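Undergrad: All chains should be built: construct the whole structure from the sequences, respecting the hints.
As given, the protein sequences belong to chains W and Y, one line each in that order.
Per the working numbering, the first sequence starts with residue 1, numbered consecutively.
Per the working numbering, the second sequence starts with residue 1, numbered consecutively.
Calculated pairs, EDC-like style, for lysine to aspartate or glutamate (alpha carbon to alpha carbon, straight line, at most 16 Å): (1) Y/LYS253 - W/GLU275; (2) Y/LYS250 - W/ASP272; (3) Y/LYS253 - W/ASP272; (4) W/LYS313 - W/GLU263; (5) Y/LYS117 - Y/GLU92; (6) Y/LYS257 - W/ASP272.
Per label pair, the in silico range of CB-to-CB distance: (7) Y/GLU103 - W/ARG408: 47 to 55 Å; (8) W/GLU394 - Y/ASP131: 54 to 62 Å; (9) W/ASP204 - Y/GLU107: 24 to 32 Å; (10) W/PHE194 - Y/GLU66: 54 to 62 Å; (11) W/GLU57 - Y/LYS284: 50 to 58 Å.
Computed list of chain Y residues with no C-beta within reach of chain W, every gap over 10 Å: (12) SER30; (13) PRO43; (14) LYS117; (15) ASN243; (16) LYS257; (17) GLN264; (18) GLU276.
Worth flagging that the hints you see were computed from the coordinates, not collected in a lab.
The structure presented is a predicted model; accordingly, all values stated were derived computationally and were not measured.
Here a beta-carbon is modelled for each residue, glycine too, at the ideal position from N, C-alpha and C.
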Amino acid sequence: MRNSFWTNYSSANFFDEAITARGNPRVASRELVKFFKGLSIQEMRDRRMAAELAIREMGVSFTVYSDNKNLDREWPFDIIPRAISSAQWDSVQRGLKQRTQALNQFIDDVYNQQKIFLDGVVPREIVLNSKNFKEACKGISPAFGAWAHVCGTDLVRNHAGEFLVLEDNLRVPSGVAYMLENREVTKRVLPELFQNYSISPVDDYPSQLHKMLVSLSPRRIQKPVVVVLTPGIFNSAYFEHAFLARSMGAELVEGADLFVGDENVVYMHTVDGPERVDVIYRRIDDDFLDPEVFRTDSVIGVRGLMRSWRSKKVAIANAPGSGVADDKVVYAYVPKMIQYYLGEKPIVANVETYLCSEKDALQYVTDNIHELVVKPANESGGYGLMIGPKATEEEHEKFKRKIAKNPRNYVAQPTLKLSTAPTYIDDKVDARHLDLRPFILTGSENWVTPGGLTRVALRKGSLVVNSSQGGGSKDTWIVDTGD
Amino acid sequence: MLSRVAERVFWMARYLERAESTARIANTFSQIRMDLPRGSELPWQTLLEIFGADANFYDLKRSASEHSVLHFMLARVGNPNSIRFSVTAARENARTAREVLPEEVWELVNELHLFTKEFAEKSVARRNRFDFLMQIVTRCQALSGLMMTTQTRDHAYRFITFGHLVERLDLNARVILAVSAAIDSREGANPAFDGLIWAGFLEALSALGTYKRSVGPMVEPDSALNFVIRNPDLPRSIVYCLNTIRMSLKSMKSSEKVITPIDQSLKSMYTFDAEEMSVETMHKFVSGVQSCAERLTNNATNNWFLPTSL
Chain W
1 MRNSFWTNYS
11 SANFFDEAIT
21 ARGNPRVASR
31 ELVKFFKGLS
41 IQEMRDRRMA
51 AELAIREMGV
61 SFTVYSDNKN
71 LDREWPFDII
81 PRAISSAQWD
91 SVQRGLKQRT
101 QALNQFIDDV
111 YNQQKIFLDG
121 VVPREIVLNS
131 KNFKEACKGI
141 SPAFGAWAHV
151 CGTDLVRNHA
161 GEFLVLEDNL
171 RVPSGVAYML
181 ENREVTKRVL
191 PELFQNYSIS
201 PVDDYPSQLH
211 KMLVSLSPRR
221 IQKPVVVVLT
231 PGIFNSAYFE
241 HAFLARSMGA
251 ELVEGADLFV
261 GDENVVYMHT
271 VDGPERVDVI
281 YRRIDDDFLD
291 PEVFRTDSVI
301 GVRGLMRSWR
311 SKKVAIANAP
321 GSGVADDKVV
331 YAYVPKMIQY
341 YLGEKPIVAN
351 VETYLCSEKD
361 ALQYVTDNIH
371 ELVVKPANES
381 GGYGLMIGPK
391 ATEEEHEKFK
401 RKIAKNPRNY
411 VAQPTLKLST
421 APTYIDDKVD
431 ARHLDLRPFI
441 LTGSENWVTP
451 GGLTRVALRK
461 GSLVVNSSQG
471 GGSKDTWIVD
481 TGD
Chain Y
1 MLSRVAERVF
11 WMARYLERAE
21 STARIANTFS
31 QIRMDLPRGS
41 ELPWQTLLEI
51 FGADANFYDL
61 KRSASEHSVL
71 HFMLARVGNP
81 NSIRFSVTAA
91 RENARTAREV
101 LPEEVWELVN
111 ELHLFTKEFA
121 EKSVARRNRF
131 DFLMQIVTRC
141 QALSGLMMTT
151 QTRDHAYRFI
161 TFGHLVERLD
171 LNARVILAVS
181 AAIDSREGAN
191 PAFDGLIWAG
201 FLEALSALGT
211 YKRSVGPMVE
221 PDSALNFVIR
231 NPDLPRSIVY
241 CLNTIRMSLK
251 SMKSSEKVIT
261 PIDQSLKSMY
271 TFDAEEMSVE
281 TMHKFVSGVQ
291 SCAERLTNNA
301 TNNWFLPTSL
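TA: Quick look at the structure:
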């Protein structure tokens, strides 16, 4: 072996995505492993430097809220791609479509007939007490029954390598721009690898997104006007908002650029006067969308937007109120929803989830808190969760009190043995835990990204992959292995 | 084009022009000071007056020395006329208008910002000053050239041109007013050096060579003034700025409401001749140009930038 950086690689007790327990590369990763093992340590460093340079040049950055001093940080990227075989992906992909379909039917049902409550499949109060249930959305049925037009579903793989859904992000999921940029970087830095592989391209996403958004337009015209609505430069995902607007050829607008005029039509201010807007891809939370209906102190929203949407003068993606299904308690019912709406068995399973609102489960969680991951029902970004085995006695007690005070607000899951993949850290290739966020588009048709955004916990043994908390990312390859 | 984005592009261009002009003028000013004998030199305060920055400066309760004035104009973060401030403002505007600009524009503005941030403070002393100022000029020129050769001739381009030229108009007027006032206010100074001072300002406007070719090697104050005000072919003359703004905005919606001050200003230019008029009349003309620049900005703001409801 020519190098020293890839010796003694092992991922004891976990499922490793590239290397089997016996130490052989898996089929999809075979060429990848061979290639990297053939590099010298200097070549490895050079490639990593090239990647860092590419990221800086492309201006890929993300923002951390609490970081007053250095708002923009460069995107942490690991050069070793993660490979998944297309045969395996195919079933995951079908599972994701199935799941989003059921979720969309559920949202539509909740705001209309509420059959699922009447049939006793999901308890009414769990949904109606959720802060993501929006009274103002009742009685609306958007085009194609589609509410969560862009869905980012977090997947993990367990000790057996089986894909599981960890959570559904149905409000304003982010990360897709990084998925695209990761591929750009890999193409620049490891061009040779693409010769020996048949890898599904990902750069189709902006045009698929645009196609989906156009399909929602209430006006049947040749070129509906699509805009991306951003809270502004200080939002952590501003880079992505600008990126998507640019790559779709759409205007990037802020709330102040839009207004609702006569007959509830939405316009944007341009130098040629007001121009009508048909579809708004909004990256603002429901609460800030329209001060007339939601938070009255919102300065980033558009007054009257809900009126316009309710009278079908404008389409909003994701539809307001979609977040009602983006709740860790509702999550637990998704397998039942799939059965109920589609009459099918879930193709991709949930992680086992204990609802603290249920008496037996609450008892179990309290007794076994040191072994469980406890999550608040609707926080995102990995904030506010507690990983039992890694937390102190004191934190266990603190969480027990928090749960007892507001059981509806907490769920618990067993600590998963998340899969790992080889990651280049400190001149050595070492195993790190990862997850995967594919993006599912729902308009007149469904579409799933081939792969998605892989996030990797860069600290050894860590399970937290969020970029705001020390996570990195990898390019994700769906590889045609010919089987 | 979105009104907000148009406004940001306009101000990006204005601030880039301001950074470049400030660098040019600060450089010229420093050079002239070295050439003039004691008793004939211009006070450092003139540099502040050109940019209308004197009031802000004296708020700091400092006396106007070479070091304090140049620090204020080059490096002071809180001075809206400093190079440091202008470059930061240009960058912030570019950052939120990236999607209508060629990708390299953002990269160059960003580099200019990093350069200024690192070196402005260290470049106040004479030793590093000239190099720093020339770097600022060169980098701003590279940006102008890049936009001229790569920006589609769309609304964004029109607002870039407008921003550059309206800033130039305003600054040229300020330079003329402040310098001629400063020259006159020196008691007992040798008038033989006045030509030298004007030659310096022709140089700051990249107009000295052309002046020498078309007028003669000796710079004479009145003809220098005529040259930078009336010459329609000189890209930094007042008439050139007025004509070009007019041309680039003509095709825009409701432009007639915006560009009326230009027509008035141009009309007055026909009768302008520094040799035939008193200093007071000349000042009135030039102040008219300055208020034209101000009205242009206000008109554009009201017509194109400020959102008006249906």
